[in-house]
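Turn these sequences into a full structure, and let the hints steer you where they fit.
First to last, the sequence lines map onto chains A and B.
Per the UniProt record's numbering, residue 1 is the first one in the first sequence, and the count goes up by one each step.
Per the UniProt record's numbering, residue 1 is the first one in the second sequence, and the count goes up by one each step.
Treat the hints as calculated values from the structure; they're not laboratory data.
Built from N, CA and C at the ideal position, the CB exists for glycine as well.
Please note that the accuracy of each hint is not assured.
Stated by the list, open to error - Pairwise CB distance ranges (calculated):
1) A91/A <-> Q27/B: 42 to 48 Å
2) P9/B <-> M1/A: 50 to 56 Å
3) Q58/B <-> D110/A: 35 to 41 Å
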Amino acid sequence: MNLTDEQMDRYSRHLILKEVGPEGQIKLLQSRVLVVGTGGLGSPVSLYLAAAGVGTIGLVDADVVDISNLQRQIIHTTADLNRPKVESAEAKLKAINPEVKVEPWLLYLDASNIDNIIRQYDFVIDGTDNFATKFLINDACVLAGIPFSHGGILRFDGQTMTVLPGRTACYRCCFHEPPPAKSVPSCSQAGVLGAVAGMLGTIQAAEALKFITGAGTLLTDSLLSFDAKTMNFRRIILRKRPDCPVCGENPTIIELTDSEREACGM
Amino acid sequence: MEIRLNGEPRFINAANLTVAGLLEMEQVPSPEMVAVQIDGEIVHRCSYHDTMVGDSNQVDLLYFMAGG
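Take a look at the structure:
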């Protein structure tokens, strides 16, 4: 594959990065990334992936655009109210970069459909708003061997980690199991600063681009967390746990099951 | 004793302290909201009352965040 003159112009700022260059750009153009959730995190993630020339972007969301989304879900506009989020997002991604292929999945992921969907992609972004789906994505990606980025936000805080299944700590190595229902407030209950979604989502997008191009070192075996009130960022070193229920030596999770989805109201 | 809590030095005016006691001291509204890591090892949620925090331990409280 050779880059066209237009691609040389469009991606010129990537091409002059020695860690990306034409080789890295071609990898991006041939790559497939799945963004689960087209909300606060999925908005900046998918915008940056499309701008970067990720060849195929899958978008998963069964929701429609609500006016309370617009404070942070920057891919949607007031004119998109009541429109399916994946449709609204697809239009913006196409407008930024017409050569990107967008695959909309107008559904919620569950134990019966997730494996078939994630196996079609090279990297998965968790931009979901509930623990059930976050743990489902972790388990499905670990079992299928698909690398992914975990992301979570609440109030002024954000956290993210990148998981290379079988090689680095997974979400369950740290968080083990979903917290009991109602023990952790949701964003609709506790709020979230809109820009925090952008901060965290942009880190996730950068991780996806690094994974595909091979640039730098990934945010693996660690949890990056920040507090936007103080702008303190902290990287907590994690270990892949031998007793992890899904990626450990004697896993108890060997197939996927659904737990109740408690939406964060994102 | 002195521990490092979330990367910051913290003097604890007690000789014995469980993880549950620390969470209470830190006013964590519910122990289920956090994963607790001591010196790189995750403490299982059901042993917060039996696990002691010791001098110079590095304790990380990792909050669950579902928002996206």
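Hints and how they fare:
1. A91/A <-> Q27/B: 42 to 48 Å: Holds - the Cβ-Cβ distance for A91/A and Q27/B, about 46 Å, lies within 42 to 48 Å.
2. P9/B <-> M1/A: 50 to 56 Å: 54 Å, holds
3. Q58/B <-> D110/A: 35 to 41 Å: 38 Å, holds
The structure shown violates none of the earlier numbered hints.
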